[in-house]
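Asks: Heads up: the sequence shown begins at 1 in this note's numbering, then just goes up one per residue.
To be clear, the hints were calculated from the coordinates, so they are not data collected in a lab.
Please note: incorrect hints may appear among the correct ones.
With beta-carbon atoms standing in for the labels, derived distance ranges [as the list claims (entries may be wrong)]:
(1) F97 - L151: 30 to 40 Å
(2) Y158 - V93: 29 to 39 Å
(3) E99 - V127: 29 to 39 Å
(4) V127 - W47: 30 to 40 Å
(5) P185 - M104: 14 to 24 Å
(6) W72 - P100: 27 to 37 Å
(7) W47 - E186: 32 to 42 Å
We put the beta carbon where it would ideally sit given N, CA and C, even for glycine.
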Amino acid sequence: MLTPYTKDFEIVDVTSVVICISLGVWPAIVYAVSAMMVSRIFGPSEWFMFTVKDSIALSVALAIIPWFYFIWNGNMIYMLFTFTALRYFMYMVATVFMEPDCIMLELYYTSISIPVACIQNSIAGSVLGGYLVNLIGSGIRFHWELPGILLLLLGGTYLFRIMSDENIGEWLHPKPVKIDYTLPPEAI
């Protein structure tokens, strides 16, 4: 039940905007859609149509965001706020066309998710934004910092998901399973 609220605790937004600025729109769209559709690490049990609509919204927002790179003069925080607004607007447009009966539910989830996304994007953008632009902009070559940072962020997000689950006690202290090797009476 926490997935609609925690979907923005991901680094896909920041890295896809940085890839869009540094390498272009199409590499960013390929990265973002594959990160959303294939990995599903941030919401493995979420409804598939939710992921499809979010991928469409992400792609459209990434296609528009280079214009705002010039409007905001490269300010990463303003670009991430604009990207978040575009993404949620396009998500609601996709909901109107693809699932008009779910519009009220999506408005409820979106009203909670937008402040979370703004806080997360402002923190991630101020901490990682300029660094990632310089790192990717200097050329595609192996850097030890990028996999380390992404591993920490992905690991922290995964641990946050596990720790926020209701069955944390069972995860920390699993109960032994008793296996009965006898046949049931009707099998004899």
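Asks: Against this structure, judge whether each hint is valid.
Replies: The hints, checked one at a time:
| no. | hint | result |
| --- | --- | --- |
| 1 | F97 - L151: 30 to 40 Å | holds, 38 Å |
| 2 | Y158 - V93: 29 to 39 Å | holds, 31 Å |
| 3 | E99 - V127: 29 to 39 Å | holds, 35 Å |
| 4 | V127 - W47: 30 to 40 Å | holds, 31 Å |
| 5 | P185 - M104: 14 to 24 Å | violated, 52 Å |
| 6 | W72 - P100: 27 to 37 Å | holds, 34 Å |
| 7 | W47 - E186: 32 to 42 Å | holds, 39 Å |
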